[in-house]
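K.L.:
Going down the list, the sequences are from chains B and U. The UniProt record's numbering applies: residue 1 is where the first sequence begins, and numbers increase by one. The UniProt record's numbering applies: residue 1 is where the second sequence begins, and numbers increase by one.
Treat the hints with care, as some may be off.
[Stated by the list, open to error] PhoX-like mimics (lysine-lysine), calculated; alpha carbons at most 20 Å apart, straight line:
no. : chain 1 : residue 1 : chain 2 : residue 2
1   : U       : Lys517    : B       : Lys173
2   : U       : Lys434    : B       : Lys173
3   : U       : Lys395    : B       : Lys173
4   : B       : Lys103    : U       : Lys434
Worth flagging that the hints you see were computed from the coordinates, not collected in a lab.
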Amino acid sequence: MSTVITAILILFGLAVVFGIILGYASVRFRVEGNPIVEQIDALLPQTQCGQCGYPGCRPYAEAIANGDAINKCPPGGQSTIESLADLLDVEAIPLDAEHGEEKPKMIAFIREDECIGCTKCIQACPVDAILGAAKQMHTVITDECTGCDLCVEPCPVDCIDMIPVETTITNWKWPAPTESRNLIATDRGRGLQQEAH
Amino acid sequence: MGKVFAFHGGIHPPENKKQSTRTPIRPAPLPKRLYLPLQQHIGTSASPLVNVGDRVLKGQMIAEPVGRISASLHAPTSGTIRSIGPHPVPHASGLESDCIVIDSDGLDEWEEHQGLEDYTSLKPGALIDHIRRCGIAGMGGAGFPTDVKLHLGDDHIVNTLIINAAECEPYITADDMLMRERADEILGGIRVISHLLKPSHIIIGIEDNKSHAIRTLRTALKECELNIDIRVVPTKYPSGGERQLIQLLTGLEVPSGKIPADIGIVCQNIGTTAAIYRAVHFGEPLISRIVTVTGDAVAQPQNLEALIGTPFADLLDAAHVYEDRLYRLVMGGPMMGMTVEHDQIPVIKTTNCIIAASRDEMPPAPPEQPCIRCNMCEQVCPVTLLPQQLYWFAKGREFDKAKHHNLFDCIECGACAYVCPSSIPLVQYYRFAKSEIRTEEAEQHKADHARERFEARQARLEREQEEKEARRKARAEEAARAQKARKAEPADTPTAAPALDINALKTAAAVARTKLKKAQKALNTARESGEGDLPALEAAVAAAQGSSDQAQHALEQANSSTASGITANVDLKQLKTAAAVARTKLKKARDALKNAEDKGLEGLDKLRATVTTLEQKAEAADQAHQQAEQAATPADNTPPTDLKALKQQVSIMRTKLKKAEAALANLEGEARTQAEQALTELRQRHAAADQAFKAAEQMQIEAAAAQGVDLKKLKVDAAMARAAVTKLERALGKTEDEQERTALESQLVTARDKAEQLNTTLQQHAPD
């Protein structure tokens, strides 16, 4: 009998000790905010373009954390969708065409002769990448431009172009080696079949 | 002779070095045109110092370094700058990049230059600066700016200096020939470097297939005071890799992600030491280098001393290339070099070899076959990586895993691809993976930066909004407080207060008047109906009348006191208003009197008396106003002598007149007659001023005429001359034709002279 009581007492004692430890830990090591939002935000391309329907990348990250679809980010494209799918452990789905297409990287360019200095684009730029003042010619700081396109619409004289980023020897990438498929006779047939599907 | 260690792996490809060592180094013929890429080194592109059309001398600096890691560029021969713009450069991408193009004038005329007399007496910083000014970058292959490496002694303890003379790649013999022919220059360069870095050991690492060079160096070393150790290492590719040579000579491995200086070692290429020697002793910048021109497609494989910027075509011509046999043009060695598509690509500071290969020599790569996991690549990898694993990761785009398998330690030596039985272009996969990872990192960096900027902007907008809100609130509070104060004032400050609030008084008077009116009305209705307490009402009317009179009195007093108190600085506007008010009151009183007379009411006498007093007051106010006005405009009457002032006065008068006329249209009755009087007066004054102005002008014209100058004509002429000048200037801005431009320019000069002359004459006669 006494053994049973001892066992119960010991177990009870352990329960109390662990309860205290857990209680303390939950206060001491409390996690502020939702860390998953941070992680999602880190994967988004930070163009702040709003093409997803949210006013910036962080609000979209919050929306994804709350269960929104992961395929609404055209600047990030398929690679962003894949990394998001990886992070959230969901199926990678193709980009939602409703929000736009994946385009090559662009930057804004102001045709400076035509600029009237209205400052509307400056107010639209989410990353302060446009330099200028009222009635002074404006220009885009190329290194800071995220290519979000938000400055094109407000321009009253349509003097902003989105131009693709030029490939120079500094930003050139080694291409992936081309694979030769036709090694043996059967390869050829299979390859064609695969392409047909 | 010290011990030689070993490194893992390595291969023994056919050497093919003998072909190009048969003849001594020969200077390459002077090319007609040189192309100098602004970026021939690792780091930031140099920035051009010359303009198109400039004449440059041999050795003149034509582009300066930008930032810490960068190298300057010098004209390799004398000539003129033809252009600065994109031209094909030796780069794996085959893309164009900015080059300075020089048309050589054939004179090869040196800029004045001289070496440092005694470099040992210089401060290390000054000596390194001299080397930086000479544009020296590593000539072994990477092109790292040498001055940066020489500064390593500042923050590292350098105990070993390794001179890399291994030259392990097949075909290349440039360093071999340099050692055979210019051993003294090499030793001179080593002396300079050791003076700067002060190492305890100096080791020259050389492969055992260069026996001639080893002999020459040993002979030269006998007369050298430096303790230099020549270590002959077995021929094995890639023993010339910096890290591999360090391992061979010291047994130490440079840790991943670190530089040799972190373990106390600095490595310099043998070619670089010779360049340092020439820079320090003769002041010659790096404008030429030794290039091996070899391959089956050239008749005379040899080493040429070529100017930097010489197109490959010129060197191939010098070595008598067989155009029909030429299948592939490779810059660098067969293992790590790259195929170039264009024979106008220039020699740069890192070009050690040009291979003009025939088809048999370098056949197209056989088709890639599946990896059979044979493990041969792993056996030859000099960095002990797992090449096949890296290949799978690169192929499957699992770049993170490739990175964890130390992809970035790969030196891209190509040994793995050389031994691969499946002919997989492994190095291409690694390069692809590396550049993908680098791009991704750059993009991530950019995204983080954009996020930072975005958040900063959001914070700023929020702050601005808050500040605006705060300001708005403060303003509203201020307004509320002011209103409160205004309300409280009449109660606190009785009418006797020195600063009388005329406005408050006016309101009080108006209120009293309204009360009086109401009382009177009530009385009238009572009388008409014959009901009610007539005496009480009369009493009320009387009381109201009394208070109204009091209020009015107080107001008038205040008015007069302000009017009298400001004789010194008469406030015209206030007086005017007072007069107008008085007139209106008078009018009203008269109306009331008339009304009362018609109705035959009581208290007529009183009313009449009021009207009379009011009449007097109105008159007084009017008088005061007029006096004040006259006092305020005394200047109107004194005739100004200055023509400009006169002109101004006339225009002021005109404006006043116009205003008065406009005001007149709105006025009626007595006020109108008054205003009309004022207007007539104004008109007279205007006429007088106008006359005065005209008279003065006439006098000036006459005075000018007396000297034989027509002032009016002169003025017109001057204006026309000025207009002609502006017109010509505009035309000059638009035109592009050179001839037209010169013609216009001469015209402009004459027009300017004329305008200037006319202006001075005009100034003399009419100095306004």
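K.L.:
The structure should be examined with respect to each hint, and the outcome stated for every one.
P.N.:
Consistency of the hints with the structure:
no., hint, result
1, U:Lys517 - B:Lys173, "violated (96 Å)"
2, U:Lys434 - B:Lys173, "holds (9 Å)"
3, U:Lys395 - B:Lys173, "holds (16 Å)"
4, B:Lys103 - U:Lys434, "violated (23 Å)"
In this structure, the hints that do not hold are numbers 1 and 4, in rising order.
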